[in-house]
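Asks: One letter stands for each residue in the lines below.
There are 2 protein chains.
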Amino acid sequence: MPEKPDEMVVTPWRVEGEIDYEKLIRQFGTQPIGEEILEKFRRYTGGLHYQLRRRIFFSHRDLDWIFRKLEEGEKFVLYTGRGPSGPVHLGHIVPWIFTKHLQDSFQAKLYFQLTDDEKYLYHEEFSLEFTTRTAYDNALDLIALGFKPELTRIIVDAVHIEALYHLAIKVAKHITGSTIKAVFGLKDSDNIGLTFFPAVQAVPCFLESVVQGRNVPCLIPAAIDQDPYWRVTRDVAPKLGFYKPAQIHSRFMPGLGRGGKMSASQPETCIFLTDPPGEARRKIMNAFTGGQPTAEEQRRLGGNPEICSVYQYYAFIFEEDDGKLREIWENCRSGAVLCGDCKLKLADRVAGFLERHQEKREQMRDRLEEFLFSEEERKLIWSRGLPKP
Amino acid sequence: MPEKPDEMVVTPWRVEGEIDYEKLIRQFGTQPIGEEILEKFRRYTGGLHYQLRRRIFFSHRDLDWIFRKLEEGEKFVLYTGRGPSGPVHLGHIVPWIFTKHLQDSFQAKLYFQLTDDEKYLYHEEFSLEFTTRTAYDNALDLIALGFKPELTRIIVDAVHIEALYHLAIKVAKHITGSTIKAVFGLKDSDNIGLTFFPAVQAVPCFLESVVQGRNVPCLIPAAIDQDPYWRVTRDVAPKLGFYKPAQIHSRFMPGLGRGGKMSASQPETCIFLTDPPGEARRKIMNAFTGGQPTAEEQRRLGGNPEICSVYQYYAFIFEEDDGKLREIWENCRSGAVLCGDCKLKLADRVAGFLERHQEKREQMRDRLEEFLFSEEERKLIWSRGLPKP
Numbered sequence: 042m043p044e045k046p047d048e049m050v051v052t053p054w055r056v057e058g059e060i061d062y063e064k065l066i067r068q069f070g071t072q073p074i075g076e077e078i079l080e081k082f083r084r085y086t087g088g089l090h091y092q093l094r095r096r097i098f099f100s101h102r103d104l105d106w107i108f109r110k111l112e113e114g115e116k117f118v119l120y121t122g123r124g125p126s127g128p129v130h131l132g133h134i135v136p137w138i139f140t141k142h143l144q145d146s147f148q149a150k151l152y153f154q155l156t157d158d159e160k161y162l163y164h165e166e167f168s169l170e171f172t173t174r175t176a177y178d179n180a181l182d183l184i185a186l187g188f189k190p191e192l193t194r195i196i197v198d199a200v201h202i203e204a205l206y207h208l209a210i211k212v213a214k215h216i217t218g219s220t221i222k223a224v225f226g227l228k229d230s231d232n233i234g235l236t237f238f239p240a241v242q243a244v245p246c247f248l249e250s251v252v253q254g255r256n257v258p259c260l261i262p263a264a265i266d267q268d269p270y271w272r273v274t275r276d277v278a279p280k281l282g283f284y285k286p287a288q289i290h291s292r293f294m295p296g297l298g299r300g301g302k303m304s305a306s307q308p309e310t311c312i313f314l315t316d317p318p319g320e321a322r323r324k325i326m327n328a329f330t331g332g333q334p335t336a337e338e339q340r341r342l343g344g345n346p347e348i349c350s351v352y353q354y355y356a357f358i359f360e361e362d363d364g365k366l367r368e369i370w371e372n373c374r375s376g377a378v379l380c381g382d383c384k385l386k387l388a389d390r391v392a393g394f395l396e397r398h399q400e401k402r403e404q405m406r407d408r409l410e411e412f413l414f415s416e417e418e419r420k421l422i423w424s425r426g427l428p429k430p
Numbered sequence: 042m043p044e045k046p047d048e049m050v051v052t053p054w055r056v057e058g059e060i061d062y063e064k065l066i067r068q069f070g071t072q073p074i075g076e077e078i079l080e081k082f083r084r085y086t087g088g089l090h091y092q093l094r095r096r097i098f099f100s101h102r103d104l105d106w107i108f109r110k111l112e113e114g115e116k117f118v119l120y121t122g123r124g125p126s127g128p129v130h131l132g133h134i135v136p137w138i139f140t141k142h143l144q145d146s147f148q149a150k151l152y153f154q155l156t157d158d159e160k161y162l163y164h165e166e167f168s169l170e171f172t173t174r175t176a177y178d179n180a181l182d183l184i185a186l187g188f189k190p191e192l193t194r195i196i197v198d199a200v201h202i203e204a205l206y207h208l209a210i211k212v213a214k215h216i217t218g219s220t221i222k223a224v225f226g227l228k229d230s231d232n233i234g235l236t237f238f239p240a241v242q243a244v245p246c247f248l249e250s251v252v253q254g255r256n257v258p259c260l261i262p263a264a265i266d267q268d269p270y271w272r273v274t275r276d277v278a279p280k281l282g283f284y285k286p287a288q289i290h291s292r293f294m295p296g297l298g299r300g301g302k303m304s305a306s307q308p309e310t311c312i313f314l315t316d317p318p319g320e321a322r323r324k325i326m327n328a329f330t331g332g333q334p335t336a337e338e339q340r341r342l343g344g345n346p347e348i349c350s351v352y353q354y355y356a357f358i359f360e361e362d363d364g365k366l367r368e369i370w371e372n373c374r375s376g377a378v379l380c381g382d383c384k385l386k387l388a389d390r391v392a393g394f395l396e397r398h399q400e401k402r403e404q405m406r407d408r409l410e411e412f413l414f415s416e417e418e419r420k421l422i423w424s425r426g427l428p429k430p
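Protein chains in written order, with our numbering: chain A, 42 to 430; chain B, 42 to 430.
Same shape as in the complex, but just chain A (with noise of 0.2 Å):
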């Protein structure tokens, strides 16, 4: 796991704790994302989607190779996922609508994996049926978020394992104990089942070369604490034919705290999907930010929007406008817009984003079954990876 962010640094033009993530770059061995990446996607997709240009996307693996495959005619798969340990709240959402970007920018399909095996495997408290259940939950979230059904195969890994389980052991099979416990951290205390996983969540990115019958890229958009998966996928790809899965990274989006990553583990500081607008707006009316004392010290001196919770909000989500965003950046700065209006403003936006996606969410609960891994696809993989008596 990469270390937090404690202190990030945002501009109107940027979102970034700099030092940080340039270090994680730098850890992680990966590439940012620099100019030339940036011109190609404005290429295919007529601008610059605002996670690009405030670089929430920073960072990334063989995305320039993604370009040179797609110029070559092989459009790529996307694979993203997410752990079904409970609420899906508003920092999960930040890389699903890059992603869902991505699939309306590139008619890309997209596998998306819900691991309630590691979760369950991971918390001590937690049963089975809890985390598909979750899982199931979870997944509304994304389809309300507008994925087009006809791209997307929702995987949820213990209900879907037939379609898996053949590749996670090839997987498997070269990955050692050792490994695991490198890039992971775990211990010969924990559980075998935790140990296993990683070859689970390895699959996905194989699983359109062989519905295919032959090598399709993969691009992973995700924040970049997924990373050590990749790298051990990266290099076990090759070892069993595959193409390497390309990755992009997001950063955090940050709590309603003072500093640090939205975590479900501190239910005051972020704003879960499933919130009443009310309690949402509650949370956005208690949050840090970056104010004076008193109102009278914030008209004199200005606030600061670099380590105001509030600010971020908008950044990565509820203000894709730039123009718009720079005004309030520059509101706060010159004590024009007191923390309070500044909070209701954010707090309507955010309830109203929640009163719509709740709602829409709803819609979805019917339309499930037409996003999950289908029975029929499932079976295919399965009679593609092995022999028949």
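Derived from the structure by calculation, the hints contain no laboratory data.
Any given hint could turn out to be false.
Treat identical chains as interchangeable: a pair holds within one or across any two.
Derived pair list, reagent style BS3-like, types lysine-lysine, alpha-carbon separation capped at 30 Å [said to hold, decoys possible]:
(1) 116 / 222
(2) 324 / 420
(3) 429 / 141
(4) 401 / 429
(5) 189 / 429
Got chain A; can you put chain B on it based on the hints?
Replies: This is chain B only, laid out in the frame that chain A set:
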């Protein structure tokens, strides 16, 4: 793994290496099969199977409990299996013969696990394609022995994983890496698939309980070298609310060489069920015996059946009649029958057995599906273990 019982003592009434197997009972903490258990067998099966009379099955865990449950009206299921690393040899079918006897005597359902995943993970050079194909092939040898299709469920791990995985991760959650290292001698340099595998081998103990929705006793007839798996499984079972599986342990059938377990890695010392009968004859004629250097000496001094591999073939499989087995013993001892004749007689029996077996095996090829774990049953177990969306 237990120590190899290099020096076996064999008498017409018992086939055993007394010292080694008693040591195993102490080491593994199992129980010898005593008169009380034998009496139960006599009562339920109308006699004693030759493998019980000769103490080929010599040790157990909770067999008294299995009979107690039976008396209370709770029928047990059987579970055994095989690692499909190559062709089946005569040593493998010794416990299968006894398992068939149990199926017939108790009308017991049998779960038979073919661990294509384990053998793929264990052998560097094996493909999964190979071990899965070998699993189907080995299954023919099993069903050619006369198991009842309506009472037999052959599981091929990688193929039938949908019914196993959710239970395997439940088992895995309760087994640490340390336990696996201590019990199976695995190291950090071993692959993570092997580390996870004991959880998969545990699962069939519990399948019938899931099918019936209530606890069903499970009895595992198998060679004693598999005992470490069951010790681990027995520790986990109550944590998942299942009965501990009971075991009945067999000795190893010796090879045709000087001492030691029959092993596929020494093909000259073991007879494969797919060996051409002529090949089997040749191996038997080259077998190590307890004979004297010359015919004259043998007639004068008599042979030594205690150390004779040919004698053991009679005792383990090819002479079920104790009186006739005693005759072979005494004719050897007295020098009345020389090794050549004794081998010829065995060669005839083995060749005849192989001819019949191989014919039956081919006949069963079209009927394999009847014995394989059906999709319907797999779906049933899957759906009982995992919530629906």
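Asks: Taking each numbered hint in turn, which are not upheld by the structure, reported in ascending numerical order?
Replies: Structure breaks hints 1 and 2.
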